[in-house]
Amino acid sequence: GAGVSQSPSNKVTEKGKDVELRCDPISGHTALYWYRQSLGQGLEFLIYFQGNSAPDKSGLPSDRFSAERTGGSVSTLTIQRTQQEDSAVYLCASSPPSAGALIGTDTQYFGPGTRLTVL
Amino acid sequence: EDQVTQSPEALRLQEGESSSLNCSYTVSGLRGLFWYRQDPGKGPEFLFTLYSAGEEKEKERLKATLTKKESFLHITAPKPEDSATYLCAVQAEGGSEKLVFGKGMKLTVNP
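Sequences listed follow chains A and B, in order.
The first sequence lines up with residues 1 to 119 when you count with the working numbering.
The second sequence lines up with residues 1 to 111 when you count with the working numbering.
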């Protein structure tokens, strides 16, 4: 089946502009995650959505970053007033409904990412 | 704070030369440890999840093992197509579903 898809694959913007990044999770997956991968750094957690629960926004680096998930499927990550330090690859992942605590952790499946360059 | 450290940062091997990659971690309570492979310009590709010390999993030339403080990814008789960046991540108990990643280890296998 289709994997996680992200668009655009590349985005070049000018400092101060707003950008929107899109993620389409795997069909049937209830959990959706955003991560950021900066050059030379590990993946950094940004935000997590699970069903109708309140999202875990603990990784968002500033109030310029926000994300929505409409209808429990597609998600949009918005960065307002972009800065050069926002340049990175933004990765989205999804995971299936939890089978219960006894089964263990659900695997996160990643999309190809959006490479954001802020000039 | 949960932390993951991978070593070495980069490794060059000759085809057929076996080796191991190390992932050491500190976490309040381990829910799962993940290994991913990432090729240039692509998203991470899932390899293994390990849940408890002593657990081992294998896939082709790769075997992952887990202790209470670290995990190893053993590569047996690697081929050039095994060249990639290998990522280790942990998920902690206590509600948050986020993965905490190490910086990765770039493996190059020369023919």
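Treat the hints as calculated values from the structure; they're not laboratory data.
For each residue, glycine too, the CB sits at the ideal point set by N, CA and C.
Please note that a few of the clues may not be correct.
Using C-beta positions, here's what the derived DEER-type ranges look like [unchecked claim]:
1) A:G28 <-> B:D39: 22 to 32 angstroms
2) B:R12 <-> A:Q41: 15 to 25 angstroms
3) B:D39 <-> A:S66: 23 to 33 angstroms
Against the structure shown, which of the earlier numbered hints fail to hold, in ascending order?
-> none
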